[in-house]
Amino acid sequence: MLLALPMVLSSYLVTVFVLIFFYAYLGQAWNIVGGYAGQLSAGHAAFVGVGAYAAAVLSLSAGLTPWVGMFVGGTVAAVLGGFIGFLGFRFGLRGFYFVLLTVAFAEMCRIVANNLEWIGGAVGLYITFTGNPWQFQFQDSRAYYYIALGLMVAATAVAAAIERRRFGVYLSAIREDEGAAEAVGVPTFRYKMFAMIVSSFLTGVGGTFYAFYLFSLQPNTVFGIPLSVEIIIRPIVGGAGTLFGPIVGSFILSPLAELTRFYFAAGGGWAGVHLIVYGVLLVVVVLFFPQGAVPWLRRLLRTQA
Amino acid sequence: MLDVSGLDKHFGGLHAVKNLSFTVGEREIVGLIGPNGAGKTTVFGLLSGFLRPDAGQVIFRGRSITGLPPHRVNALGLARTFQIVRPFPHLTVLRNVTVGALGRHAAPAAATQRALAVLNEVGLAAKRDQPAASLTLAERKRLELARALATEPTLLLLDEVMAGLNATETERIVDLVGAINRRGVAVLLIEHVMRAVMSLSQRIVVLNYGELIAEGRPEAVANDPRVIEAYLGTASA
Amino acid sequence: MAEGLRAEQVRLPAPQGLILDPVLVVQAVVSGLLFGGVYSLMAIGLTLIFGVMRVVNFAHGDLMVWAMYLAWLGATRFGVDPYVGFVGAAAILFVAGFAIQRQLVDRIVDAPHEMQILLMLGVALVLENTALVAFGPEPQRVRTPLTQAALWLGPVFVDVGRLVTFAVAIALTLALSLFLYRSDIGRQMRAVADNGYGAQVIGTDVRRISALAFAVGAACVGAAGALVAPLLPFQPPTGLQLSVTSFNIVIIGGMGSLLGAFMGGLLVSVAESLGAVFLNPSMKELVSFALLVVILLVRPAGLFGRRAI
Numbered sequence: 001m002l003l004a005l006p007m008v009l010s011s012y013l014v015t016v017f018v019l020i021f022f023y024a025y026l027g028q029a030w031n032i033v034g035g036y037a038g039q040l041s042a043g044h045a046a047f048v049g050v051g052a053y054a055a056a057v058l059s060l061s062a063g064l065t066p067w068v069g070m071f072v073g074g075t076v077a078a079v080l081g082g083f084i085g086f087l088g089f090r091f092g093l094r095g096f097y098f099v100l101l102t103v104a105f106a107e108m109c110r111i112v113a114n115n116l117e118w119i120g121g122a123v124g125l126y127i128t129f130t131g132n133p134w135q136f137q138f139q140d141s142r143a144y145y146y147i148a149l150g151l152m153v154a155a156t157a158v159a160a161a162i163e164r165r166r167f168g169v170y171l172s173a174i175r176e177d178e179g180a181a182e183a184v185g186v187p188t189f190r191y192k193m194f195a196m197i198v199s200s201f202l203t204g205v206g207g208t209f210y211a212f213y214l215f216s217l218q219p220n221t222v223f224g225i226p227l228s229v230e231i232i233i234r235p236i237v238g239g240a241g242t243l244f245g246p247i248v249g250s251f252i253l254s255p256l257a258e259l260t261r262f263y264f265a266a267g268g269g270w271a272g273v274h275l276i277v278y279g280v281l282l283v284v285v286v287l288f289f290p291q292g293a294v295p296w297l298r299r300l301l302r303t304q305a
Numbered sequence: 001m002l003d004v005s006g007l008d009k010h011f012g013g014l015h016a017v018k019n020l021s022f023t024v025g026e027r028e029i030v031g032l033i034g035p036n037g038a039g040k041t042t043v044f045g046l047l048s049g050f051l052r053p054d055a056g057q058v059i060f061r062g063r064s065i066t067g068l069p070p071h072r073v074n075a076l077g078l079a080r081t082f083q084i085v086r087p088f089p090h091l092t093v094l095r096n097v098t099v100g101a102l103g104r105h106a107a108p109a110a111a112t113q114r115a116l117a118v119l120n121e122v123g124l125a126a127k128r129d130q131p132a133a134s135l136t137l138a139e140r141k142r143l144e145l146a147r148a149l150a151t152e153p154t155l156l157l158l159d160e161v162m163a164g165l166n167a168t169e170t171e172r173i174v175d176l177v178g179a180i181n182r183r184g185v186a187v188l189l190i191e192h193v194m195r196a197v198m199s200l201s202q203r204i205v206v207l208n209y210g211e212l213i214a215e216g217r218p219e220a221v222a223n224d225p226r227v228i229e230a231y232l233g234t235a236s237a
Numbered sequence: 001m002a003e004g005l006r007a008e009q010v011r012l013p014a015p016q017g018l019i020l021d022p023v024l025v026v027q028a029v030v031s032g033l034l035f036g037g038v039y040s041l042m043a044i045g046l047t048l049i050f051g052v053m054r055v056v057n058f059a060h061g062d063l064m065v066w067a068m069y070l071a072w073l074g075a076t077r078f079g080v081d082p083y084v085g086f087v088g089a090a091a092i093l094f095v096a097g098f099a100i101q102r103q104l105v106d107r108i109v110d111a112p113h114e115m116q117i118l119l120m121l122g123v124a125l126v127l128e129n130t131a132l133v134a135f136g137p138e139p140q141r142v143r144t145p146l147t148q149a150a151l152w153l154g155p156v157f158v159d160v161g162r163l164v165t166f167a168v169a170i171a172l173t174l175a176l177s178l179f180l181y182r183s184d185i186g187r188q189m190r191a192v193a194d195n196g197y198g199a200q201v202i203g204t205d206v207r208r209i210s211a212l213a214f215a216v217g218a219a220c221v222g223a224a225g226a227l228v229a230p231l232l233p234f235q236p237p238t239g240l241q242l243s244v245t246s247f248n249i250v251i252i253g254g255m256g257s258l259l260g261a262f263m264g265g266l267l268v269s270v271a272e273s274l275g276a277v278f279l280n281p282s283m284k285e286l287v288s289f290a291l292l293v294v295i296l297l298v299r300p301a302g303l304f305g306r307r308a309i
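Taken in order, these protein sequences are the chains called A, B and C. Under this note's numbering, the first sequence has 80 at position 80, and the numbering climbs by one with no breaks. Under this note's numbering, the second sequence has 53 at position 53, and the numbering climbs by one with no breaks. Under this note's numbering, the third sequence has 289 at position 289, and the numbering climbs by one with no breaks.
Think of the hints as simulated: they come from the structure by calculation, not from any bench. One should not assume that every hint holds.
[As the list claims (entries may be wrong)] For each label pair, taking beta carbons as the anchor points, the in silico distance ranges come out as:
id	chain 1	residue 1	chain 2	residue 2	range
1	C	109	B	90	47 to 55 Å
2	C	153	B	14	50 to 58 Å
3	C	138	A	300	41 to 49 Å
4	A	141	B	137	58 to 66 Å
[Claimed, not checked] Here are a few chain A residues that face chain C, going by a calculated C-beta distance under 7 Å:
id	residue
5	100
6	282
7	290
Beta carbons are placed, not taken as given, at the ideal position from N, Cα and C, and that holds for glycine.
The whole structure should be built from the sequences, with the hints applied where relevant.
As structure tokens, this is what we get:
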């Protein structure tokens, strides 16, 4: 059904769906380390950013097709993720301290990118539109729809595969009680590292889509804390550590964000309204649905049946 | 099978374990007793890799496990439980035990089979689909034991698995530990329920202020004046 | 060392201070130190809230920006100088802090850490973006006659605005210490911070003390905000930057340590000030982040850590 949808949708609605899928993809990538493993990374924008810059710089300066560049970007992001994870996990940083470590790295990336002239400095990079599919550019915006859908499905397949394997069971044990997991033979450091690397790789791959869908990237948006918040909030509202949480969360929040932006931004000066909505939602979710929408819906369905 | 020699541990100014040496033989049940604060749980931490000793060595089945991380110690066949039970609260009972079984059976299906067998043994099979957080204290204690058992240890360290249980529940655990031991698993247990330690243990090690003050057969230890003094305090000695 | 750093900066536009002038360094240290009083006050507020409740106030910087806007409103609408108006800003934030603790944080004190972080993140988003809706994205600055005045101590230039800000911030820090160490409520706060359970056992109303601690912490950051409003141009996203800076400070100083927050505030401010001289000004925050990462890895308890407030 989702495959046929673009045929009947207006181009604006296609855009909304692209955003739903893409943020669901990023949310699912975060979910692996933030949801299943319970390691609250609040700096995932760093991986979007380095992935985006890697692919864009390679394309602009070396002519490398983004179809390859996206995997280079993913790999660079995975190396960064591995490094941050190594520091955080080796030194036993948990909870707030891990949050801060990840935020600090994202902010450092932002500041460095702002000051590196050969990657555009504060102005960022602009990609000229050629409409060449080999350059990840398409005349028909529906192409982005299918790519974003493909990314979301792929990340969800990865998460599903993890969930079914020992990897997934171990991650949930780590989330619940790391010490107890160690005691029953779970190599917690190794598995947290795996989770961080897979998550940052996928997020980095998403960076390519981000850059080539928007045709531009600026350090302050692509590495900024607001993007990290966008990545985190969908899986949390949908249900962190559940397979469909990021998707449900994105179907709730992405259209909501788009609607508020559409209605309020038009009036000027109302740009913040969708973020106020996010804030209120976060508070409501934490206070009333701490497990997110998916477990709540599941319980609701069970009592109905 | 377990050979502890010269174990030492400080916490700041507190000398928690002093030059401690003892052994646990194959298939043996050894009780580790002593007044509150004697350092028993610290010893468990040192043996299981959660704490790093300042000095001394722990030899398990012929190889040194001193300073190994807990999961490595567990993989070698030494499993522990926690005094204050630490179930994975949001996971089901079966999942909790499966986590333990996955170390020996990498395929989740095989691990689940193994976990079910263990749950049957400890009598929690009926609760397998409940979240661990919904269990009673007695059930959690058995879950803690089941999770450790699922890692298929050859030596089991039990930290007060009977504390807070009523007489019937205690008896069930005593029977269970006896049955596990008959299958060939050695047990080192910390316990305050004296009747249980005395009936289960073949040998008893007594700690006071981090030092070994007596060791021997249960009857002998129970009548040892140093042990009586440690428990009752110097005032009555 | 400094030469090496300079060589890399040559490509950057308009580097300041072309040679390593000692006066420039002293100037940077003095400016940083004077500005640091505000950082200290802000970080003390955060560490007080954390110490008593084990809650990390992610909305800290946003509360501060609201105080800046309050000072701005006071100055532009009612002609109140921010060096007087900070009292009002602190009072309003006191009430806001009390309400946030009572209505929101109190419901989840026993929830996992992650939940508290997310809750406060939600509050931060609401605060920042209501400021955006209410005041718009343009940077604002509060003008006061003092910011135009300056003193020369030999070759070193001292901005009178900074000096007054620093003096008031230090006076408030001292007053707060007196409150925490001499007053009954202050002692109870420290007791709860030391051992919440123990304090409960001896009959402390932990809920009330927690709400008061959050209120006092918010008042600190409220005063800090109003005091810094004449020195620092601000806009709604400034809140996030300030939150992150205050987290850096309390971790560098040691979570929950009053002395750590105080010293950390001065240290980070001086480090940023020096960073702005040696590196490009836009890279000054890099210095405090680098400092943070080193502290997290080498001494996560912080420079003055493990001392409860």
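task: Please test the hint of 58 to 66 Å on the beta carbon pair from residue 141/A and residue 137/B.
output: 60 Å, holds
- prompt: Under the criterion of a CB-CB separation shorter than 7 Å, is residue 290/A in contact with chain C as hinted?
  reply: 6 Å, holds
field: Outcome of range test on Cβ distance (residue 109/C, residue 90/B; 47 to 55 Å)
entry: The hint (47 to 55 Å, Cβ to Cβ) is violated, given that residue 109/C and residue 90/B are roughly 20 Å apart.
- request: Hint says 41 to 49 Å; check whether the CB-CB distance for residue 138/C and residue 300/A agrees.
  value: 46 Å, holds
message: 50 to 58 Å was suggested as the range; check whether the CB atoms of residue 153/C and residue 14/B agree with it.
response: 52 Å, holds
field: Restraint satisfaction for residue 100/A [CB to CB of chain C, less than 7 Å]
entry: 5 Å, holds
query: Once the shortest beta carbon distance from residue 282/A to chain C is found, is it less than 7 Å?
result: Holds, because the Cβ-Cβ distance from residue 282/A to chain C comes to roughly 3 Å (cut-off 7 Å).
The structure shown violates just one earlier hint, number 1.
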